Amino acid sequence: MSIDTDTAARVAKLARIRVEDDQLPALAQEFSNILEFIEQLNEVDVDGVEPMVSVTPMRLKRRQDGVTDGNQQDKILSNAPDAREGFFAVPKVVE
Amino acid sequence: MSDLTKMKVAEARDALRAGDVTSVELTEACLSAIEGADALNAYVHKTPEIAIEQAKAADARIKAGDAPSMCGIPMGIKDLFCTKGVASQAASRILEGFKPEYESTVTSQLFDAGAVMLGKLNMDEFAMGSSNETSCYGNAVNPWRRGNDDTQLTPGGSSGGSAAAVAADLCLAATGTDTGGSIRQPAAFTGITGIKPTYGRCSRWGIIAFASSLDQAGPMTKDVRDAAILLQAMCGHDPKDSTSADLPVPDFEAMLTGDIKGKTIGIPREYHMDGMPEEIEALWAKGRDMLADAGAKIVDISLPNTKYALPAYYVIAPAEASSNLARYDGVRYGHRATLAAGEGINDMYEKTRAEGFGPEVQRRVMVGTYVLSAGFYDAYYNRARKVRSLIKKDFEDVFAQGVDAILTPATPSSAFGLGEMKDADPVQMYLNDVFTVTVNLAGLPGVSVPAGLDKQGLPLGLQLIGRPWEEGDLLNTAYALERAAGFVEKPAKWW
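Residue numbers (our numbering), protein chains in the order written: chain X, 1 to 95; chain P, 1 to 495.
Quick caveat, the hints were computed from the structure, so don't treat them as lab data. None of the values given here were measured: they were computed from a predicted structure. Watch out, some of these pointers could steer you wrong.
[What the hints assert, rightly or not] Derived CB-CB ranges, DEER-like:
#1 A424(P) with D45(X): 26 to 34 Å
#2 Q72(X) with I345(P): 22 to 30 Å
#3 L60(X) with E343(P): 39 to 47 Å
#4 D425(P) with L60(X): 36 to 44 Å
#5 V67(X) with S212(P): 53 to 61 Å
#6 K455(P) with I76(X): 50 to 58 Å
#7 D66(P) with K92(X): 55 to 63 Å
#8 S323(P) with D47(X): 24 to 32 Å
[Unchecked claim] Chain X is nowhere near these chain P residues, computed Cβ spacing over 12 Å in every case:
#9 R61
#10 K63
#11 G65
#12 T264
#13 A285
#14 V299
#15 P318
Glycine is no exception: its CB is placed at the ideal position from the N, C-alpha and C atoms.
Taking the hints into account, I'd like the entire structure generated from these sequences.
Dropping the structure here:
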């Protein structure tokens, strides 16, 4: 499937990656090449095949739904680009 | 002193216990080798103070008679592992300045066993690449060269810094991670040994995630015995990783007898690729003969869906990456773009991710976003997961026929020149993983063993693939292959 620039722009938007307009044709071309490669999968007969969920058959363990950690606000915030008064700070979200 | 850095882990362990050398001496020798090897760009964050402190503690422990195998062994850690208080940025600009407040399970196990961290090692950004050329730190360089030709070669990727550091004796061993071949391909390109264990053997907790259903940590070492020693220290059940297997960890080193009489080794016909260099075919045939001479039974097998492994991988891995990398939004850690007046939170996300992610990471995140998007999820993502089930079944079928291990080439070529693939289509680079990626899709253990040199004088590796959870048996077959191949060459020092 060939990807047009509108689709490339939409995917970039969904992925929250800024792509300048002049870069879109090259990006669309790259996507098209990768998708062409991926489309070999259409040759495979997958009727009745279950999609893989877990590569090793294992039952996920259950645990007590209890608090085992906490009280480390300063550590949580220590790597934040902008933290103020014990919170992560971001640009205004709601007008 | 320089000879100390050439030691293998097993030798160093024995010498430490015998009191012939101290961990501080070993560590200082490695640190000075590292100082003289900036041209390889293997270490991207050096941690000499931590190393000396850990070495002193290890020496005290050895003196007290409490010394596990890894005690006092200086090693390098791939930048993908979170190490407490030490920069851990997955070779990405988006994690610039990030210093984790916690330690990954694998590195804590190693440090609890007394291992010494020399520093963090170069890699492809977020482990996405096969040549270490997508790193924000610049390329790592292979210590091997084509004879007297001074062209810089790739050490492979994504664990390129780990491979270069082990091959150039800048540590005794290193950690790597492998999502599609990122331990085995660089090991093959640099003449060292690397094993990716069964999915679930090593805890993924604290390892920066790329594709969670494929990622596994593993050792990169100078020989098979060292791989067994490291693997034992690295793996084990961890309640913090829900996919970590609650199985006992055998004594892998004790299983290295070299006796493979009566084992059945499969040779998959689909791994004969068009255009594969004759030398690789010849090496593969030689490997087959060596295992037969050691008493194994060799059988031709078929893994019919091999051809579809790479395309399935390039749906599944980007899909998982797009989801895992959604966390890099400029809010909680790492890089945040500077905003112009009037720009809002979506501008912050989009600019931060455009500035912070390199081109290959952006490409994969967007491909992943596309294959997961409404209307394409079934056609791409679900189809790829079905094909993945078929690829796993191919292996289950041959194991059910009594095959103990499968022998293949590790890579379709020897190390190529840095920059040589610059203008190639991204898909061309993906072909590097053609022999290794099936193993990740099927969750199996795979080991790359150096087996010879090509006519340019560059190392080539063979891969052995084992049954799930049978790393001990697999390492023993690798040990037999290693002994038969007798690969002892080292790169001539030019750096």
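Hints and how they fare:
As the Cβ distance of A424(P) to D45(X) is approximately 32 Å, the hint placing it in 26 to 34 Å holds. Checked against the hint of 22 to 30 Å, the C-beta distance between Q72(X) and I345(P) comes to roughly 26 Å, which is consistent with it. A C-beta distance of roughly 42 Å is found between L60(X) and E343(P), which places it inside the suggested range of 39 to 47 Å. For the pair D425(P) and L60(X), the supplied restraint of 36 to 44 Å holds, since their beta-carbon distance comes to about 39 Å.
Between V67(X) and S212(P) the C-beta distance comes to about 25 Å, which lies outside the given range of 53 to 61 Å. Range check, K455(P) to I76(X): Cβ separation about 56 Å, and the 50 to 58 Å hint holds. Checked against the given bound of 55 to 63 Å, the beta carbons of D66(P) and K92(X), roughly 57 Å apart, stay inside it. The hint said 24 to 32 Å for the Cβ distance between S323(P) and D47(X), and at roughly 28 Å that hint holds.
The beta carbon of R61(P) sits about 28 Å from the closest Cβ of chain X, which is more than 12 Å, so the claim that it is off the interface holds. Under the 12 Å C-beta cut-off, the non-interface status given to K63(P) relative to chain X holds; the minimum distance is some 35 Å. Interface exclusion of G65(P) from chain X stands, the closest Cβ pair being 35 Å apart, more than 12 Å. Here T264(P) stays apart from chain X, with its beta-carbon at least about 23 Å from theirs, past the 12 Å limit.
Even its closest Cβ contact with chain X, about 28 Å, leaves A285(P) beyond 12 Å, as expected for a residue assigned away from the interface. At the 12 Å boundary, the C-beta of V299(P) stays outside the reach of chain X, the nearest C-beta of that chain being 25 Å off. Not every CB of chain X lies more than 12 Å from the CB of P318(P), the least distance being 9 Å, so the non-interface label is violated.
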